[in-house]
Amino acid sequence: MDSKIMKTLILNKITLLLLLVFMLNSCTETYVLQSNTYEEALVVEATITNELKKHEIKLSKTARLEDDGIAIEIGASVVVKSNAGEIFSFEEKDGIYIAESAFRAEPNKIYSLEIKTKDGKVYQSNEQTLTTPNEIESIVPTVVTDSKEGRGVQIKVNSYDPTNTSKYYRYEYDETYKIIAPKWRGEKLVVTGPQSVALEPNSTDTRICYATKTSNEILLTNTTNLQEDRVNYQVRFISDQNYIITHRYSILVKQYVQNLESYTFRKTMKEISSSASVLSPKQPGFLDGNIKCISNSSEKAIGFFEVSSFSSKRIFFNYKDLFPGEPIPPYYTDCTDEEYKYCFGFSMPIPCRGKALIDNISANTVTYSYNIESSYYYTVPVECGDCTSFSSNIKPSFWID
Amino acid sequence: MKKIILALILLLLSSHFTFAQDSKEKISIEFKNATLLSVIKDIETKSSHKFYFDPTWINAHKNLISGNYSNITLDELLDKVLNKTDLNFIILNKKVVLTLNSTIHTDLPANYFADAPPETQNNGSQNSSENPVFYQQYDSLNSYSVTKKASVIFIGKENKEAVKKNYTVSGYIKNEETGKPEANIFIKVKNKNISTSTDPDGLYTLQLPRGINVIEIKSLSHKDVTKTLMVYDDGSFDVNINEKSNQLDEVVIKKKGQRTTETVISGLVSIDIEGIKNIPLILGERDILKVATTFPGIKTTGEGSAGFNVRGGKEDQNLILLDNAVLYNPQHFLGFFSAINPYTAKKADIYKGSIPADFGGRLSSVFDITTKNGNPEKFSGEGAVGPVTSNLSFGLPIQKGKSSVLFGARATYSDWILKSLDDENLKNSEAGFYDGILKYNNAINKNNNLEATLYYSHDRFSISSDSLYKYSNRLASVKWDHTFNEKNKGALIFTNSEYKFNIDYDSDDINSFDFGYKIDESQLQLKMNYLLNKKHTISYGIASKLYNISPGYQHPTNPEATLVATDIAKEKALESALYLSDSYKLSDKLLIDLGLRYSYFASLGEANVNIYEDGLPLNDATIIDTKQYKNNEVVKTYGGIEPRLAARYFFAEDFSIKAGYDMTRQYIHLLSNNVTQSPTDTWKLSDTNVRPQSAQQISLGLYKNLNDDEYEISLEGYYKKSKNILDYKVGAQLLLNENVETELLQGEGKAYGIELLLKKQIGKLNGWIGYTYSRSLIKLNGEFSEEKVNEGKYFASNFDKPHDLSAVLNYKFTKRYSLSTNFLYQTGRPITFPIGTYNYGGAEYTLYSDRNKYRIPDYVRLDIGINIEGNHKIKKLAHSFWNISVYNVLGRNNPYSIFFVTDQSGKIKGQKTSIFSIPVPSITYNFKF
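Sequences listed follow chains A and B, in order.
Numbered according to our numbering, the first sequence spans residues 207 to 607.
Numbered according to our numbering, the second sequence spans residues 1054 to 1982.
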């Protein structure tokens, strides 16, 4: 290479430095998409089953991306019709449409849903029939070590359809667990004046509580590639470090036998919302259900009117039965004692915290743990000493100790 | 030679000899397989005449002479003996003077002097026989000067009894460097209305009048050649021509060296790599594929997209061939640079309309890119130093004039720069590529030619600090051309291509993994050509290709990982094709090309094929059985006829209309649910559950040249329908999916458009402007709800950009300075937006719009470049030029992608990324030695 090229090389290195900085600092900015793209659509959650009850249907509206909360569609007329001429009307109560009378979906009848909103739009579902009735056989909790989630309780549901026609299953569960406030004390601290506190006997009502949570993930399984229509599906996995199983735990598993369409609807909904992997994003798009606006084809509706055979089963288990002799899981929040030097004004080297104590007790953010005479008080977060601060102390009617 | 001629002329002018007195002398003589020299010696002894001649003339005459002559005059004897040679004779006083080609005339023709009135007024052949031709009689005419063009080529032997007016002169035009015949070279006779061009074998035939003819050989890609022919009789004359090595031309984009109005194929873009160097491009890189996208009908989804969309076709519908081997990923750096080394590439032919029957396997287009041969005469090369890459290529003769190698290499030095930066983020980034090509060429003999190419490209980059992406192309190609005879030629081609990518995901958690994908294909192909007659040229051939795909593996790299290793089962298939086509010249005006291709595809085991329940959509939940196939067992076959028809009709010499109908089939599909093609997209073969794609296109074009070919205008329209186009279900996850067919939809495609192109090839201002209006739509209307997208109606595809205007203009101020600009406007591509949220079953979900309902902002870009050429001294170490260019002069923030992220508060937000949001200057130094 001649010297000219060498010179160029050196020159170019300088240019390059500048360039690459531009190149790699490629610009990312917020792209405003809210205002012009919002489309209002009716969201319909409608599942009727072969359980005799007042079935419920939920109508809501899509929200703008920047908005919080969901608007309920009120004032609509909702009916479920069958090909036998039955008409089941629903009336709105606190944003939920409840059947006026109890009914159950019956086999060999064709059902459809009709909705007429306040502003006159008419929506209709396609026709659905009841899926094969199929009882849950058993729900089995086992202690396992999962490769992903570690050790814990695996709760599996078993069911069997000898006719081999159920195939597609959706599950929901309600879990209820007993909570014992770990730092509940026989005495509680009450504020008696601007700068005075006193100990009183504590109510036992704040020691034991029950909390119930409903699943909100979409739980689906199918048996199409199995010889027999036999479900053995994990509906729930609870880590052995989760406080909810510390004492006694109950789960009510609800099984909805789906048809392929309703199964696929939920499956797609689940896939769209699951986070995209490093490797490849998900294909986004509008999720089509089986409900259409028949008064205006450009109006959208999201949702699936499903007629499913229903079955549910509840089990209970105690921690000490599944994990005999093992230490209980840590409580969900840190229950370390916090020290308050009970004085007002200035002190050295430990500052006075009498005011803070009174403020916290008044605000019900802490509960009394213990004290050293009247010079030091120790408290814990309220959740540690009073379970009613976050759950209910009313024992559910189904609860068996 | 020159001296002899002069001597003859002197002889002629001093015309006071006594002629032919002794020529009546009778002799008897006998020859038996004697050489001409010995015959002459014999006659010398027998007849006491002395012969005068240049021995080289005699030695050039290899035929042996036999004959028995008795009592024959010397005149008659010599007539007979020299009959088959180019020699003439004159007998002067016991002396016999032999002359090559020319006859020595014993008297001047009556009309030799212009002022002398001609004795006869006869026309035609009579006249020409009476007026012998003297090749210097044109001296006084302006058209020819002996001092300027010294050498005269003699065709045939001068024959005093010449009767014909015109003689047939034919020969081959060959490339001096490569020895290969050059097709479509235009030959014109100066000041006469005679012209022709060479056929695919480089053969030309001219009807020339007797006498001096100055022929000019002109081609845009070659140096002009002027030859002076002295035509006495029918004869042959081969010409060697040289490519224009001078790379200092204006931009020349030409269509196959032939006028666009002339070829039968519509929708062909030919790009001559030499011609594109002035176009301002990103970071000073010459890029053949980027130039392609400035032509109507060829688009990319976005800046930095690796794929092309030709006439509304998907990215996977382009057959990209480098020396006949498939190049799976033709791009570096996610599409910022093409993987084709501009210094070793010779040209690219892009078939977007009519596709010749010898190509197949992709629906929309063929990018046929060929590599140069090395210079077989001397070591030579070129190179460039740019801001991001450096490039060097050189050719080396192995056996002079016969075989050579060409080597080209290119690499980035961005890594070194990144490492030396202070910024922590950049320091840990990686980005780089290199590619290399080696081509061997051996013109074994007249009938055999061998070419071999090896190519490798490698890319690596990291987008986030924890994942390193790598991908590479490897291809090999061997081609043996053989000429059986004048009418039959063939080529046997073997190619092998491999494309693979790999992701090293090295995060801090224990689930680091290594992900990989690989496709390998080998093809053996036989192409035959048969010149049936002047009207019919038949081509036929057979090809067979074996695919092997490893669709993906994911292996944890940490021994304690909880991630389970996944290996998706390999895919294998054989794709074969037979073709036959006839180029039929019905008349001077109408040329048709009838092609027929039959392709056949067999998916092979070993495979486990899912059987889905009848009457239900393909879904994980509808798998009822899995069928196992043994290795090489045929799993599923597909096949079909692919007619390829093209026709051209001349309204006038510079105005033609062309029409085409093409059907194409494709058995391999790219799975990509990114909006733009990315290196991590995977190719999937057709099988039991994935049907092959097919397309039919009709096209019509009008072509007009104006102002003596200074301007070329073309207007082309097309309508294309395709079947089984791949798309994806809402929520599809493609990578590492064992039942990937359950995520796929196969729908109908519809594309149509009008393409207008105006080109000016010559002059100070040159370049082209193209405008396209086109639509590309797709319909996914399966039987089941999950197989419908947008209610089963036609919707815009990801690359539907109705308006597309591009202009590439160059202005040459002086021989050394020129300015070039590149302007691009495109409608923004469609996108699916999140349009709201909703609550279902107690969880919040994002609501997306209908597929591709919205569009991103329009794309507008202007680039400007200045080329400064080194001085034009011939004796210089290296010829060089500088290219200074600014990319995106307007600084417009063209979106590269728009994506959606969920922030901490659970709100979805749109983000727009631009790659080059500010003007990007660059400077490149190019040299040639």
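Keep in mind the hints are simulated off the structure, nothing from the lab.
Take these hints with a grain of salt, some might be off.
Straight line, CA to CA, 16 Å or less: simulated EDC-like cross-link-like pairs of lysine to aspartate or glutamate [said to hold, decoys possible]: (1) B:Lys1906 <-> A:Glu245; (2) B:Lys1499 <-> B:Glu1801; (3) B:Lys1906 <-> A:Glu505; (4) A:Lys498 <-> B:Asp1903; (5) B:Lys1846 <-> B:Glu1801; (6) B:Lys1499 <-> B:Glu1551; (7) A:Lys498 <-> B:Glu1763; (8) A:Lys476 <-> B:Asp1673; (9) A:Lys362 <-> A:Glu341; (10) A:Lys267 <-> B:Glu1897; (11) A:Lys264 <-> A:Glu245; (12) A:Lys264 <-> B:Glu1897; (13) B:Lys1227 <-> B:Glu1269; (14) A:Lys354 <-> B:Asp1903; (15) B:Lys1841 <-> A:Glu343; (16) B:Lys1455 <-> B:Asp1534; (17) A:Lys260 <-> A:Asp300; (18) A:Lys476 <-> B:Glu1897.
Just a sample of chain B residues kept apart from chain A, beta carbon distances all over 12 Å, derived [as the list claims (entries may be wrong)]: (19) Phe1239; (20) Tyr1665; (21) Lys1782; (22) Gln1814.
Using N, Cα and C, we set each Cβ at its ideal position, and we do this for glycine too.
Consistency of the hints with the structure:
Restraint check for B:Lys1906 and A:Glu245: the C-alpha separation of about 12 Å stays at or below 16 Å, so the hint holds. Only pairs whose Cα atoms come within 16 Å are accepted, and B:Lys1499 paired with B:Glu1801 is rejected, the gap being roughly 50 Å. For the hint linking B:Lys1906 to A:Glu505, the alpha-carbon distance of about 15 Å falls within 16 Å, and the restraint holds. Only pairs whose Cα atoms come within 16 Å are accepted, and A:Lys498 paired with B:Asp1903 is accepted, the gap being roughly 15 Å.
At roughly 10 Å between alpha-carbon atoms, B:Lys1846 and B:Glu1801 fall within 16 Å of each other, so this suggested pair holds. A C-alpha spacing of about 34 Å is found between B:Lys1499 and B:Glu1551, which places the hinted pair above 16 Å, so the restraint is violated. Restraint check: the Cα-Cα separation between A:Lys498 and B:Glu1763 comes to about 61 Å, which exceeds 16 Å; the hinted pair is violated. Taken as a hint, the A:Lys476 and B:Asp1673 pair is honoured in the structure, with Cα atoms around 14 Å apart against an allowance of 16 Å.
Between A:Lys362 and A:Glu341 the alpha-carbon distance is near 15 Å, which keeps this suggested pair within the 16 Å criterion. For the given pair, A:Lys267 sits about 12 Å from B:Glu1897 by alpha-carbon distance, which is consistent with the 16 Å threshold. Restraint check for A:Lys264 and A:Glu245: the C-alpha separation of about 20 Å exceeds 16 Å, so the hint is violated. Taking the CA atoms of A:Lys264 and B:Glu1897, the gap is near 14 Å; set against the 16 Å cutoff, the hint holds.
For the proposed pair B:Lys1227 and B:Glu1269, the alpha carbon gap of about 15 Å is at most 16 Å, so the pair holds. For the hint pairing A:Lys354 with B:Asp1903, the CA-to-CA distance comes to about 36 Å; that exceeds 16 Å, so the pair is violated. For a cut-off of 16 Å, the pair hint linking B:Lys1841 to A:Glu343 is broken: about 37 Å separates their Cα positions. For the hint linking B:Lys1455 to B:Asp1534, the alpha-carbon distance of about 15 Å falls within 16 Å, and the restraint holds.
A hinted pair counts as satisfied when its Cα atoms are at most 16 Å apart, and A:Lys260 with A:Asp300 qualifies at roughly 15 Å. Taken as a hint, the A:Lys476 and B:Glu1897 pair is honoured in the structure, with Cα atoms around 11 Å apart against an allowance of 16 Å. The beta carbon of B:Phe1239 is kept farther than 12 Å from every beta carbon of chain A, the shortest such distance being approximately 39 Å. Some Cβ of chain A comes within 12 Å of the Cβ of B:Tyr1665; the nearest lies about 9 Å off, and the non-interface call is violated.
Not every C-beta of chain A lies more than 12 Å from that of B:Lys1782, the closest at about 7 Å, which undercuts listing it as non-interface. No beta-carbon of chain A comes within 12 Å of the beta-carbon of B:Gln1814; the shortest separation is about 32 Å.
Going through the hint list in order, the structure does not satisfy hints 2, 6, 7, 11, 14, 15, 20 and 21.
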